[in-house]
Amino acid sequence: MVSCVNIDGKTCYRIASELYPVFRSITGQGVRDTLDILKKYVPTLTIYSVKSGTEVFDWTVPPEWNCYECYIEDADGNRLIDFRNSGLHVLGYSCPIDKWMKYSELKKYLYVQSNQPDVIPYVTSYYEKRIGFCLSVRQMEKLASYGEDYEFHAVIKSEFNPDGVLNYGEFVLEGESDKEILISTYICHPFMANNECSGPALSVVLANYLKTQKRKYTYRFVFIPETIGSITYISQKLEALKKNVIAGFVLSCVGDDNAYALVRTRYGNTLSDRVMENVLRFDAPNFRNCSFLERGSDERQYNAPGVDLPVCGFCRSKYGTFPEYHTSKDDLSYISEKGFDGALNVLKKAIAVIENNDYYRINVLCEPQLGKRSLYPTISQKGVHGHVMAMRNFIAYADGKNDLMDISNLIGVPAFDLIEIKNKLLEHNLLSIQKNK
Amino acid sequence: MVSCVNIDGKTCYRIASELYPVFRSITGQGVRDTLDILKKYVPTLTIYSVKSGTEVFDWTVPPEWNCYECYIEDADGNRLIDFRNSGLHVLGYSCPIDKWMKYSELKKYLYVQSNQPDVIPYVTSYYEKRIGFCLSVRQMEKLASYGEDYEFHAVIKSEFNPDGVLNYGEFVLEGESDKEILISTYICHPFMANNECSGPALSVVLANYLKTQKRKYTYRFVFIPETIGSITYISQKLEALKKNVIAGFVLSCVGDDNAYALVRTRYGNTLSDRVMENVLRFDAPNFRNCSFLERGSDERQYNAPGVDLPVCGFCRSKYGTFPEYHTSKDDLSYISEKGFDGALNVLKKAIAVIENNDYYRINVLCEPQLGKRSLYPTISQKGVHGHVMAMRNFIAYADGKNDLMDISNLIGVPAFDLIEIKNKLLEHNLLSIQKNK
Amino acid sequence: MVSCVNIDGKTCYRIASELYPVFRSITGQGVRDTLDILKKYVPTLTIYSVKSGTEVFDWTVPPEWNCYECYIEDADGNRLIDFRNSGLHVLGYSCPIDKWMKYSELKKYLYVQSNQPDVIPYVTSYYEKRIGFCLSVRQMEKLASYGEDYEFHAVIKSEFNPDGVLNYGEFVLEGESDKEILISTYICHPFMANNECSGPALSVVLANYLKTQKRKYTYRFVFIPETIGSITYISQKLEALKKNVIAGFVLSCVGDDNAYALVRTRYGNTLSDRVMENVLRFDAPNFRNCSFLERGSDERQYNAPGVDLPVCGFCRSKYGTFPEYHTSKDDLSYISEKGFDGALNVLKKAIAVIENNDYYRINVLCEPQLGKRSLYPTISQKGVHGHVMAMRNFIAYADGKNDLMDISNLIGVPAFDLIEIKNKLLEHNLLSIQKNK
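Chains as they are written, first to last, in numbering that gives the first Met the number 0: chain G, 0 to 436; chain H, 0 to 436; chain V, 0 to 436.
This is chain G alone, in the form it adopts within the complex (with noise of 0.2 Å):
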């Protein structure tokens, strides 16, 4: 059954708000959960599972780890935390514990972030074992409040399958071209909006987007768990990722309202750069143009030396930078319609560049006569027509050594609204298109 699709900010807000409770980690039942999710909105969507134990690369897939029960009661049955309502209670990959201890010992599994009183902080430890409760300095406090000898029930119902899997999901749009656009995204953080939810929200809409566009390139869906997922899928498909990866984005945090962030790749000079500095110059000054020293996601391993995928990050709060990042707080009044909106735009400009980023060279010696096709007005008076400049300038660089995103930064002009220009001249047949370049 596909649910319906439109393709706006609301429905990406929607899908969050559905992925949202789900409690996920790096493995286990949360993430397919999540999988099946997405795939009612992208019913090609292929679910893989890598085995525990794995080696991929430098790395091992671990136990799969799954957790039914996290809380912390005391001698009253009174439940001071609950995983039930907050799924960021439990560390991440904790082991099992049901204890009656004081408090004074209880304190060593503990998890607070000092600096934020209010939040339940995300922490997790995937491989060292720990046992671990999250919670706010409110609530630790409230627990001190029992005094140091007190006795609370601490229970973790968890557990580790060495025969268990890691899951991830995959789907591919196909184009005129085996040239790959890649979209990759991220799908183990429990109960978080912004830096979770948001990322396979945008990224299935812009797939149905996609899905009724002529699209001269094929383009690559992944929902994979940061960094042991990155690794496991790289190290699946390295081979055809490096073949045919043209550009790719790594979509985090791209559902609020604020400014937005590009995370450049190690040199910070691939199509992905290019065309999202193109964008977001002209539409939106105020991003955050990050060097490759400032990312975090999983763009570390797309361009890891040897891997050298050309893939940028995108987001709009960067993660790691807004206080609600990785706490409670990120929760679905941190995410809005609008900023999904905001997000879509960006990439469907960029997409719409990529997609038509040829070389271009003028047909004709000389200027064309712009006049005899009605192109620019055939009076001639001083301060009259700037608006035709920007056609005449694009004319002035279409040599055929400048593709239309080296055209827009010489001449100032997006590249998104070169499109329609050269679409004209096109028309004209005045332009061509450099083939081998």
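Simulated from the structure, these hints should not be mistaken for laboratory data.
The reader is advised that the hints may include incorrect statements.
Identical copies look the same in the list; a pair holds intra-copy or inter-copy alike.
Claimed, not checked - Result set (DSS-like, lysine-lysine): computed pairs, CA atoms no more than 27 Å apart in a straight line: (1) K381 <-> K328; (2) K50 <-> K371; (3) K381 <-> K106; (4) K434 <-> K241; (5) K128 <-> K423.
Once you have looked at the hints, place chains H and V on chain G.
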């Protein structure tokens, strides 16, 4: 008969004054009259004719247009505007008319510059048939004061000759090398001083200067109607121009006394760009350094994709930026002898630098001993001989990798000033010219 | 007999103090005495002699000059200036004189620094025969107070030996590779501390430090008279130097405690420029970053066209810029143990960076799992481990395309600090050195 040609601004001004009253358009008798005047100063000027209807790249040479009368008179025979007072009154390439009509109808044929009420604007309609009178807002107000129903006699005696010609002039001063410097200027604007007469006047004086100089390079001067003329010219000479031209300048608006302007080539990196920037940066650092986006005269055609000639624009007041531009206020009071002197001096320096712009290599290893050649003080005490640093720095960078302008830019001394230094070093046999760089 | 050489500024200062009172010129006994002192600290120092009259590139080795006395006395035998008090009193390469003459005549032979009335200036006339006494304005005023007609006894006992020699010293510390680092300093200024003794003193201490180090590269130290010495030296060793020298530094004025100065090579882009800029930019960001236009010592010859050796100048107070320069005020109070300690530390770091400046490549695809090697925290919570970013960023750019300094510049961490990081990664077998880059 050759008129006496002194190489100074005074002579430029005199020639400009002689050219000023001729009625010109892109074709017609005025162009021929203009070329005849120029030929007095450069007897070797060759005048070419290209037939109307000739296809030149994307354009067609238009019918030859001549205009003999243009006036508006009232019922009492008072001429409220008259072509005899200003060649600007007729819309360029206006169709003929001889008709009594009400002001309410006449209005449709009137062109004014509404933001400059006292000027007659320069307006043309070369490639679409129109009838038009150009006049000042004040003059239009006078016409209006007769009332909407008042009948005026509107007369334009013009004719289009489809069997006519487009004319241009050219002459060449041969040098030791086939490689050429192109000087191009235009001869198509009626009744304007800076934006028309200054370029041809300066060109013929510069030509007379060059005749007296030892020339490494060949110099080609062309006098053409703007746009259609340069397109026609290029279409006839493209192969030779591409083979030989190593630098060139379009001279336009070079007779006034304001800051200089350089209009750079398409990528701003040719010999022409380099030399003019070098001269102006040191001699007139407040010059206007315009990118190709600010182009406007025949550098548009010379730099077009596939034409690719290294031709800059050179102006004093940049065309299009001063209020008098393309109006009756661009008269002989806007230009001056001093203004011409400055432009002439810049061009002489630029040409000297091009002529001397070789790659140089010092003939000895380590520093030469300048003292024994009286090129350096023989007493060494701190703080007493900064003035010989230019020569020492020239030597330091005369490694065969740098031409005169590279060295100038590296050491911060005008390239023109380095000519004397390198000549001294050549005399002392301390320096070689690298032949095949 | 080898004197004890500790590797510290104190030892540098002690050696500089020992060199200070020796009377030196570009040739003569003082140069040999200086080399003999240095040989105590570096027994393998080889002392070379080049005969006067030898042609060295564009120059000729001058006659050996020695000076034994230089004074001006009054009729009562009072010596108003005396060489025994300061070696600066005699004009370098002065001809001998022994004559009673009126002050009005004597004046012609007096050299003062008129803008610094209390100092004796350092003045030379190596290549033109002159007689001269250098003295302070105060001392000249004293002479003048005797009256114009007063007769003084002016004595200079100097001699020129056309069969003499020019001396210089050299020694080499061999490393694993034939490729060399050149350390050059000069030994020709009399009686000045920073601008003479500091360079040789620091060089011999640095040499003793390097003797104790594992050396990938060979280190060549040269002690030469400035200009004529370096020209002579280069003329004798050019081929070997061009074949082997990969970096080098002229040490001059390295004993004071002011901001450092780097004098860059001709194009400012050699290994020497890069390493010194990297060290200074992080450790002493207020350093004076001088282009080759500000050169002044033997880097002039090493960088001359055709010589083309990658040799920078390194100073603390830049020669030529401090008031004490080339005067009697550049005495032992101008330099300090602390000043030497700083310069020594910069050079040790620069050498460590050169020794470790390989191209590195990470051995795994995607990010390595640092946590399992205790190189990264196993608990993930925001804001708690910025300190491991240097290692992660090093890895991100260890793609085989960057040497240590490239990585340093890309990630904003001093190259010297990256040495420990890359050593840890090498230990864990996570990194390879690229051999043939």
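A quick look at each hint next to the structure:
1. K381 <-> K328: between (58 Å within a copy, 14 Å between copies)
2. K50 <-> K371: between (68 Å within a copy, 20 Å between copies)
3. K381 <-> K106: between (79 Å within a copy, 20 Å between copies)
4. K434 <-> K241: Result: close both inside a copy and across copies, 22 Å intra and 25 Å inter.
5. K128 <-> K423: This pair counts as between: shortest inter-copy Cα distance 25 Å, intra-copy 63 Å.
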